[in-house]
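Now for the letters of each chain:
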Amino acid sequence: MALKIVKGSIDRMFDKNLQDLVRGIRNHKEDEAKYISTCIDEIKQELKQDNIAVKANAVCKLTYLQMLGYDVSWAAFNIVEVMSSSKFTYKRIGYLAASQCFHESTDVIMLTTNQIRKDLSSPNQYDTGVALTGLSCFVTPDLARDLANDIMTLMSHTKPYIRKKAVLIMYKVFLKYPESLRPAFPRLKEKLEDPDPGVQSAAVNVICELARRNPKNYLSLAPLFFKLMTSSTNNWVLIKIIKLFGALTPLEPRLGKKLIEPLTNLIHSTSAMSLLYECVNTVIAGQYWFSVGSKELCVQKLRILIEDSDQNLKYLGLLAMSKILKTHPKSVQSHKDLILQCLDDKDESIRLRALDLLYGMVSKKNLMEIVKKLMLHVDKAEGTTYRDELLTKIIDICSQSNYQYITNFEWYISILVELTRLEGTRHGHLIASQMLDVAIRVKAIRVFAVAQMATLLDNAHLLTGNMQRNGICEVLYAAAWICGEFSEHLENPMQTLEAMLRPKVATLPGHIQAVYVQNAAKLFATILKSQEGNTDSTAAQDTSQLMIDRLPLFVQSANLEVQERASCILQLVKYIQKLQQKDVEVAEEVNALFAGELNPVAPKAQKKVPVPEGLDLDAWINEPPSESESEDEQPKAIFAKEEPKHSRPRHTEVDEKELARRREARKQEQANNPFYIKASPSSQKVYQDAPGVEHIPVVQIDLSVPLKVPGLPMSDQYVKLEEERRQKERAEKKKKEKKKRKEKRSGRGKKHDSGPESEEDITPAHQVDIVTEEMPESNCASVRFYLSRPLADSEKLPVRSHRAAEAAKSPAEDGETENATSLEPKKKSSKEKREKKKDKDRDRKVMVKCWIHHWDCAFFVFIFFCLHFLTGNDAYHLLCSCKSDFKGRLNGRWETMSDTVYDIQGNLQDGSQVVVSVIFENKCDSFLKSMEFNVLDSLNSKLQRPEGSGPHDGLTVPFQLPPGVSNEARFVFTVQSIVMPQKLKGTLTFIVKNEDSSTHEKLDFKLHFTCTSYLITTPCYSDAFAKLLESGDLKGSSVRLEGVNMPFHHLLARICFHHHFSIVERIDSCASMYSRSIQGHHVCLLVKTSGQTVSIDAKCDEPTLLGNVLDEIKQTFSQC
Amino acid sequence: MIKAILIFNNHGKPRLIRFYQYFAEDMQQQIIRETFHLVSKRDDNVCNFLEGGSLIGGSDYKLIYRHYATLYFVFCVDSSESELGILDLIQVCCYFFKMLCRKKQMVFVETLDKCFENVCELDLIFHMDRVHYILQEVVMGGMVLETNMNEIVAQVEVQNRMEKSEGGLSAAPARAVSAVKNMNLPEIPRNINIGDINIKVPSLSPF
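Those sequence lines, one after another, are chains A and B. Note that UniProt numbering gives residue 1107 to position 1107 of the first sequence, counting from 1, and the numbers run on in steps of one. Note that UniProt numbering gives residue 104 to position 104 of the second sequence, counting from 1, and the numbers run on in steps of one.
Next comes chain B alone, as it looks inside the complex:
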């Protein structure tokens, strides 16, 4: 079972939290802080497992995390999950977050290794809800639901299309306004170049 999925940036700001066991809000924040504290002091070239079980569970629990550019992806799992499997899963998730949030065409590419490295914090910041919807297709109630990437992509795409068609005419003006709003933003130039994120991201100011 997966007990929690946490995504936060290099400064410990949460970008997505998903607990599969109830914790009150302040407890959630405390867990995020402690996990961040544990994870952030580790070098990048050490192993991705942490036995900081005292946070969420007993000794049966492990923290499995990956660090990409400015983001930490942390899964808290018990011993029924394969450690290496979860690491792969994090990679897959990252890939989807990136692809879907930028609304690029979802063509499954074999060069996954290159893509996941480029997961950008900005992708997640503005589309927390979408990230959740993707995650829901991968993990459900703490158990891995689907690992076949094509299947996940297909389902997410269909649901997005449904949303678009439901919006229909009435949603069109809202979209236009939102586009105008975006135009005014100073961040826009950064957003456009987001493709080669590794260079850009460190310069992003934390928030």
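Pulled out of the complex, with its shape left as it was, chain A reads as follows:
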């Protein structure tokens, strides 16, 4: 036995170990692959032996070969064998090999579960450590699930070496097996305060990684981290924590206030650049600008970084600067010198960063200078990526905010033309779109642009040299279009036409050819026009012949678009030629084909087009099919006693009325909308007049150099030119000023220098036709504003009709013989209300009387409660029967004031918040002040009070009321349960100020939240309605109303109106209705009538709510 061991080890002596393998590979440079393949054969032999030492050696060599790119997955099982060796040396080799080449789809991994578990619980901490390290690289969801518990136990191991590894690997376990996060989290949190700094750091590390994925979950740990931050001295931990805070502060702004002080302290005190940088970064990310000086401190520190000779610091400084730039461009701008300097840096990474910053650096004054610098870089740049980056940046900074900084568009066009000389750029389309954009929007530049584009077309061969991988030919698309569209500006159209019809064009991409063909036609039209005036008619015929000769090339194109256009135009030209031969003048007609100027159109311009008279966009052209189908269908027997019904066309009267109302509302909205262009004759001219060419300060270019140097860079001269122009302007201005001054005070000879030119003084040479895209945004802003305040009458949705409207409607509908004046029913309705009030609120009467006893002041406060319910994106105007009546003594005599009904409209953020808007009206002739509004909270409903005030404190009404003035205040209530109606008692205290005295007064009131008021009219389709009822979740209840003496549709309208239901379907004397509560309860009704009896079957998922709603419905009808 012993002999065998010795023999084994002697054998092993002559095996190749890793060093031998490496050496061997080095010695076989010429036939490396061959040598390695023999080595692999050897390894295969070694793996077949029983001796674990030999196997381990082989696996070790395989790990090396894996690094060289050889697939060693075939040895996976042998690796597992080595992993399971009892010796640490071999185990370590096995785990290393596994961590290098195992992955989730390695099938032998599932064999390792038990081995790993054994190693994890090994008494030797290094066995455990090696297993943890290996596992961290190849953990799979299965392994994570099976081993999560073992690893969790290890988190409380006695050895910190194991603890920190276990903590760290938990992150991988969480990733693969997310269910483990919740049970493991308390322990992980515990480890944040581990006595061992290594474990602590590991825990911080894990939580930081977790928080990067979902910061919200870890907000609660902020205090703990704050403690760590102020106590820890380990820079690694500090950096992690500071980075974590950078992610947390956007979620919890209050954190920023706490953090700013320790952060600034760190910034001042630390000597570690890495920590300093992270602090600055977090201050920027958290935007702690409220703290005085923090911004300056950051920018100042960053400047130090950028000025540092260490390129790394410079790079990071610029990186952080670009973050500040996003929010505070001004503070970065002051370091323009530094950043421009970085553009010349030899380091590409730094130049790229500096480029990013340039965007915020430019102004009218320095744009040309900066772009000139960039153009120099473009010429020098080697890599295409950097050059492309430069190109996009140039275009970005020039075109930003509607070409705000460009004062001379000729310069810009020539910059674009220069950029086309870039080889191999991917951004041809970008240049093309800029050319098109500028040519279309800047009218004054067209002449120049057309000339440049013609040159481009002429020299197209320069661009398309190697166009296979060349995006630059896109530019020709723009060039051809501009030359065609604005062909009247061409100096030599004939030459351009020829350039466009060259045979080489056929090698361009299809979409460009198509544009060529179309624009050749436009050019042709222009040329005809100019030639027909001449006496020599042959010229015109020659042009036609040219077209006819060249176009067939395009007719044969494989591209359908090109083919179609070409054959169309070819036939047209042939016809023209025929006419020409008969001496018919055709130019005008041909030109008509392309007449009309193309104006720039904003993306949202459609909104501005007035809707023509008589066109109703809301009306159905055809009835939607689903409705007509449902009419034919017999609704399913939803409720118990269903009577046979006849189908019959729907009642459309209401719809029409509603439509009319909507139309009216829209008109009104349009009238109020300042951005809406009304259909008046003058509006048509707006476009032509506004950017009038006459008013554009056009440069007087008196060049000694001709503008058209084909294909030559000439943007530089504009810089000079611009300088001259500005000087001239300045001089003119000075002259004018001088004149003025002379006129004013000719006596004084004192000269004033106008000082350095300010940004505003630079007038652009051309005006951009700015399409106002901002308008819709401002519209949005106003909408947002509306949402936060109660709706104005005009804004209310017409569906939820106001009482007045309802009153006006009712006589017309039910045909009652009463006077059809709108006042009469109103009176009646208020009488109804009063009666109801008497029945219902006897206690309040008592309360009011009590109040009257103390009342000796000649005023009356009129309270108008408005509840605004708002769910989702719709504001619903609700009406609630919250009522109250006050009697007041006016002018020394008791008088019943109108028993006021309060309109309740609402604003509801979620299912539990109600905003009550109260309008206070001072009806007396004294001054009211110091009003305090207080409501006695019930368990269910609470008035929301500012933080820090007690549950019985009143809320101060933020205004005073002079006599006869009304104002509105809003109060937020939280309501928990909405199934029961509620009454809240409240008091309003205030001081009445007369000329000579002031008295303290008190007014009690009650807020009545009925269940109905929690319902929201929600439309529901009949099929959804049927599904809802079939679901069986709803509980039923029914009520019977006797002696209801009104037409059925009137009755339905009443339910809709008073109780916020919508009609789902109505058939004859039977109707189904639907409504939804603010907390999402469904309420369904089936209303049937026969004679004077109305039966209502109802279903709802909340029986209490349903009972209360039915009671309220009953009450409504018992009063009529």
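None of these hints come from the bench; they were simulated from the model. Where is the CB? At the ideal position from N, CA and C, for every residue including glycine. Relax, there's no trap hidden among the hints.
BS3-like mimics (lysine-lysine), calculated; alpha carbons at most 25 Å apart, straight line:
id	chain 1	residue 1	chain 2	residue 2
1	A	336	A	295
2	B	41	A	380
3	A	346	A	301
4	B	164	A	159
Selected chain A positions facing chain B (Cβ under 7 Å, derived; list incomplete):
id	residue
5	22
6	64
7	87
8	88
9	89
10	96
11	133
12	136
13	168
14	172
15	198
16	236
17	239
18	273
19	274
20	349
Keeping the supplied structure of chain A fixed, place chain B upon it in accordance with the hints.
Okay, now just chain B, sitting in the frame of chain A:
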């Protein structure tokens, strides 16, 4: 998170690769080649960050590298790591690789700055496994495990001692043979002088 650690020489030959995310072998080689291509064309006096994120990840990733004599140390990290911190970490790693691979006595010296400059390719070539074991004590599963140098040194030392004691008697002859093998090597003289590596290293032939 650290996504990958690559060490290769001036010719792009890998000396150590450690991916914390799975890539197939050919993909790994391609990443090494591309990274080498990116890094090698940069001057020595430019910054150590590269935004060549397209290799391994999106724009969130950065390459942070250091170039010592004949070796490039490249870390691919995402934005949760501090750039300057990783640069420090590379220095620390280099120091350990050098010290441990030469089996010199592990005394922590304050003159770290001098030492890390001397990391030699040869140290790594023959002891890839050991380099891995050191690295495992510093970075685990893509996260920084330990930054305290004394702690790292202690743990690595203990494990090496364990290995030695396990080898015991049976390993002794193997060690002797390996010593004899080394004796025969022509490289030996170079190996001995490796201390002032900066002069020697450029003359090493690539392999």
